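Engineer: Using the hints provided, position chains B and C relative to the given structure of chain A.
Here's the letter readout for the chains.
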Amino acid sequence: MKRSWYASPYALWMLLFAVVPLLFVCWYAFTTPEGAFTLTNFQEFAKPRYAAVILRSLKHALYCTVLCLVIGYPTAYFLAGRGFNHTQSLVVLILLPMWMNLLLRTYAMMTLLDDNGVLNAALQAIGLPKVKVIGTEGAVVMGLVYNYLPFMVLPIYTVLKKMDYSVIEAAEDLGCNPLRVVTRVVIPMSLPGIVSGITMVFMPAVTSFAISTLLSNGKLRLAGDLIDYIFNQSSNPNRWNIGSSFSLMMLVLILISIGFLRKVDPDNEGGGLW
Amino acid sequence: MRNSRGVRTFRTVWMALVLIFLYAPILVMIALSFNASVSRSQWTGFTLDWYVKVFHDPSILGALRTTVEVAVIATVVSTVIGTLGAIGMHAMNTNMANVLINVSYLPMTTPDIVTGVSLMLMFLFAKVPLGKWTMIMAHIAFDIPYVLFSVMPKLRQMNPNLYEAALDLGCHPLKALYKVIIPEIMPGIFTGTLLAFTMSLDDFVISYFTSSDMYPNLSRIVYSSTKLGVKPTMYAVSTMMFVSILLLLVLINRRTKLEDMG
Amino acid sequence: MIDETRLIEIKGVSKSFGDTQVLHDVDLYIRKCEFVTLLGPSGCGKTTLLRILGGFEMPTSGEVLFEGKDMTGIPPYKRRINTVFQKYALFNHLNVFDNIAFGLNLKTPEQLGVKTKKEKKAEIERRVTRMLKLVKMEGYEKRSTNALSGGQQQRIAIARALVNEPEVLLLDEPLGALDLKLRKEMQLELKAMQQQLGITFIYVTHDQEEALTMSDTIAVMNGGRIQQIGDPKRIYDEPKNAFVADFIGESNIIDGVMLQDELVEFCGVEFQCVDEGFGAREPVDVVIRPEDIMIVGEDVGMLTGVVESVIFKGVHYEMMIRGNDPDGIRWKVHSTTMQPVGTRVGMTIVPYNIHIMHKARTADAEPVAESRNKEA
Numbered sequence: 001m002k003r004s005w006y007a008s009p010y011a012l013w014m015l016l017f018a019v020v021p022l023l024f025v026c027w028y029a030f031t032t033p034e035g036a037f038t039l040t041n042f043q044e045f046a047k048p049r050y051a052a053v054i055l056r057s058l059k060h061a062l063y064c065t066v067l068c069l070v071i072g073y074p075t076a077y078f079l080a081g082r083g084f085n086h087t088q089s090l091v092v093l094i095l096l097p098m099w100m101n102l103l104l105r106t107y108a109m110m111t112l113l114d115d116n117g118v119l120n121a122a123l124q125a126i127g128l129p130k131v132k133v134i135g136t137e138g139a140v141v142m143g144l145v146y147n148y149l150p151f152m153v154l155p156i157y158t159v160l161k162k163m164d165y166s167v168i169e170a171a172e173d174l175g176c177n178p179l180r181v182v183t184r185v186v187i188p189m190s191l192p193g194i195v196s197g198i199t200m201v202f203m204p205a206v207t208s209f210a211i212s213t214l215l216s217n218g219k220l221r222l223a224g225d226l227i228d229y230i231f232n233q234s235s236n237p238n239r240w241n242i243g244s245s246f247s248l249m250m251l252v253l254i255l256i257s258i259g260f261l262r263k264v265d266p267d268n269e270g271g272g273l274w
Numbered sequence: 275m276r277n278s279r280g281v282r283t284f285r286t287v288w289m290a291l292v293l294i295f296l297y298a299p300i301l302v303m304i305a306l307s308f309n310a311s312v313s314r315s316q317w318t319g320f321t322l323d324w325y326v327k328v329f330h331d332p333s334i335l336g337a338l339r340t341t342v343e344v345a346v347i348a349t350v351v352s353t354v355i356g357t358l359g360a361i362g363m364h365a366m367n368t369n370m371a372n373v374l375i376n377v378s379y380l381p382m383t384t385p386d387i388v389t390g391v392s393l394m395l396m397f398l399f400a401k402v403p404l405g406k407w408t409m410i411m412a413h414i415a416f417d418i419p420y421v422l423f424s425v426m427p428k429l430r431q432m433n434p435n436l437y438e439a440a441l442d443l444g445c446h447p448l449k450a451l452y453k454v455i456i457p458e459i460m461p462g463i464f465t466g467t468l469l470a471f472t473m474s475l476d477d478f479v480i481s482y483f484t485s486s487d488m489y490p491n492l493s494r495i496v497y498s499s500t501k502l503g504v505k506p507t508m509y510a511v512s513t514m515m516f517v518s519i520l521l522l523l524v525l526i527n528r529r530t531k532l533e534d535m536g
Numbered sequence: 537m538i539d540e541t542r543l544i545e546i547k548g549v550s551k552s553f554g555d556t557q558v559l560h561d562v563d564l565y566i567r568k569c570e571f572v573t574l575l576g577p578s579g580c581g582k583t584t585l586l587r588i589l590g591g592f593e594m595p596t597s598g599e600v601l602f603e604g605k606d607m608t609g610i611p612p613y614k615r616r617i618n619t620v621f622q623k624y625a626l627f628n629h630l631n632v633f634d635n636i637a638f639g640l641n642l643k644t645p646e647q648l649g650v651k652t653k654k655e656k657k658a659e660i661e662r663r664v665t666r667m668l669k670l671v672k673m674e675g676y677e678k679r680s681t682n683a684l685s686g687g688q689q690q691r692i693a694i695a696r697a698l699v700n701e702p703e704v705l706l707l708d709e710p711l712g713a714l715d716l717k718l719r720k721e722m723q724l725e726l727k728a729m730q731q732q733l734g735i736t737f738i739y740v741t742h743d744q745e746e747a748l749t750m751s752d753t754i755a756v757m758n759g760g761r762i763q764q765i766g767d768p769k770r771i772y773d774e775p776k777n778a779f780v781a782d783f784i785g786e787s788n789i790i791d792g793v794m795l796q797d798e799l800v801e802f803c804g805v806e807f808q809c810v811d812e813g814f815g816a817r818e819p820v821d822v823v824i825r826p827e828d829i830m831i832v833g834e835d836v837g838m839l840t841g842v843v844e845s846v847i848f849k850g851v852h853y854e855m856m857i858r859g860n861d862p863d864g865i866r867w868k869v870h871s872t873t874m875q876p877v878g879t880r881v882g883m884t885i886v887p888y889n890i891h892i893m894h895k896a897r898t899a900d901a902e903p904v905a906e907s908r909n910k911e912a
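Protein sequence lines correspond, in order, to chains A, B and C.
For the record, in the first sequence the residue sitting at position 9 is 9 according to the working numbering, with numbers rising by one throughout.
Convert by adding 274 to the 1-based position in the second sequence; the result is the number in the working numbering.
Convert by adding 536 to the 1-based position in the third sequence; the result is the number in the working numbering.
Because the hints were derived from the structure by calculation, they are not lab data.
Just so we're clear, the structure is a prediction, and the values are computed from it rather than from any experiment.
You can trust all of the hints, since none of them are fake.
Heads up, incomplete: computed chain C residues facing chain A, CB under 10 angstroms, no partners named: (1) F592; (2) Q622; (3) L630.
Just so you know, even glycine gets a beta-carbon here, dropped at the ideal spot from N, CA and C.
This is chain A alone, in the form it adopts within the complex:
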């Protein structure tokens, strides 16, 4: 038996449980419940109640991405620089949450922000009025940022870490003050990491599921929650087809952004997870 045959269980499994299911999504997306070809499934999203969710998803994902960039860039910059005694442990500490259960982290966030939660207890203790955080857009965006921040830090950190420090000295040498060093050299040179980070935050944020529901008491659903709703709760006889067309759109959106990423960063310098 040739050794290459050892890969056949792998090929079979991945075909059956990674490729074929996606083909099912494609099939359902373009058919009616009776199996006839149709494009009407995609028209569903023009309906106001769905369109509103999609727009909200895009808006929240955008806020989340911008905030992650604003918080994540300096964090990555400081991590990549010299100056902390235990940089390595710090890197691990900041990246660890990335690998941790999204639900648990959101649940923890809820505990903190809830009407009767720790934050409000603390506010009351110092004599301030309670604030209503859960249910607001702010809470949802905060939950998204909390979950996806490490995904922004990692690629930027990777690029900055690889950057030759003498390039910064060269810029200073040629007349850049510290601010200009950052704007003219550090940021342009870390662009692949930035693009990678934006993709790695924006994409999962758009499709995020459960985070928003939990932090808004079910008031503000995002695209992921919508998919869940269509498949599991709606009574529409076309629900598999509509749900599939929506999932397919998400997938295509992501493939496009990966294509874009490859173009900006062909050597995968950003070291993204993909």
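Structural biologist: What follows is chains B and C alone, placed relative to chain A:
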């Protein structure tokens, strides 16, 4: 470096704030799991009651069993399939291997929710009732790439003549596999196993779509409980999950750098 | 060419990284239009000294004067000094043109002697084009820096620094990564550029041949101290101590005893020499260059020995000769005529080729630990 004092202070404060942001919710939750009061707003004393309750709650114990069972089976199967796959692809010509490797990027690239929905569609179409076994199938599928990407580098580092030397010395190919190749790539297999196990324990979204309320895992129990209001037992469950995942991650990080993975 | 005004004065500069002192009380002045080389083995502190001049490091004590004014605390971007970095440090997000124009783009139109932004653009283009011509890289404007060879990258790095018309150009082992032939070419080109532009060059290298070829003045450094300053010929012919003698060119360094002025004894034989002012019976290092030893008949030589090995080195033969003295010293001798192995030969040395040096003080001889990341 010629950093002024101001810059250094700013940097320290900034990193401290980021760490507080990332860890405060988790630490608060862990603290609350030891709080004698049901209320989240006051600390009335240390207790282990919630942990005791967890181990007397049949639904939580059932979920724990499901979670561990799924993780163990999925890890074992994906380790075998992934390792064999890596060995097979290593022996193939590069074009063919590249195609197969790219298939592994698929579940890593696809958003979890789409993966979950797609598997659910397939199972429903094939009239397979959603439950523990469908969840296991799904977990194996997303665990395999982690094993593959941990084993592949070790195979590439291996001296290509090693296997041939074993054959040359009269070793049967199958024997050469477990006498020579497997010991050589063992560290990679072990890392892959740990990663697969962690990912299985950790998963919420894909499990949610490929299983049903009849066979909940721990994440699902936590998720459903949020609809009924928060119970401190859930803090205890979450804390235990956090700590076990954290320990696994620290263990993995000691073997490979987390930031180099993926 | 060299103006006698002192452009830069380094006064009592010391530098420590943590517990490691890498520079000990260095004094050096550099004149206008001078080509000064800091020469020494790795870890000798030469790069640190250069980085202090560039403003990338602060001296722990001492001061650096530029045209008489203290510039110790001035950051790099405010100095009229530019640097060519060891590994080029080109900006790979910019093309060749934008790399060279980088420094000019940061200046105001007035600083470039023009009035409007439009004129500034034209002026930058004019200067960059001229610079590309100087470094023989015309036509490469739009290329990405990643697509250039090591030698080409080096030329761009030089152009990028020179286009700013600095008073001083600092070069940190700029040719270290190039192959031998390219190195030799670049050495001559760099020297020609320096003379054409009339800019002060401060050049760091560990390659003694490079230093001898290019410099007006060489400062030989070891263990964080300057061992000797002088023009190349003087450094080569009259090394001040055994370290310099050994580092610059090849040498035989033998233990000897100074008997009186102009008379030294080594290998049990008394030799006439030209050095004076040593203590009576002071132990000294005797340094003799391999090419200064003449092979003569065994009967007429001041010393005798047996040829142990012969290597053909192109221009000359290098022979190792085991002396017949009790210690059996092995002499390295360069000669254009070959003596077969086993030949018994005589050797003579003329008095002015015998260099007498004080024994190195122990403090100087102590190896100074290399500071990490600073001197790789």
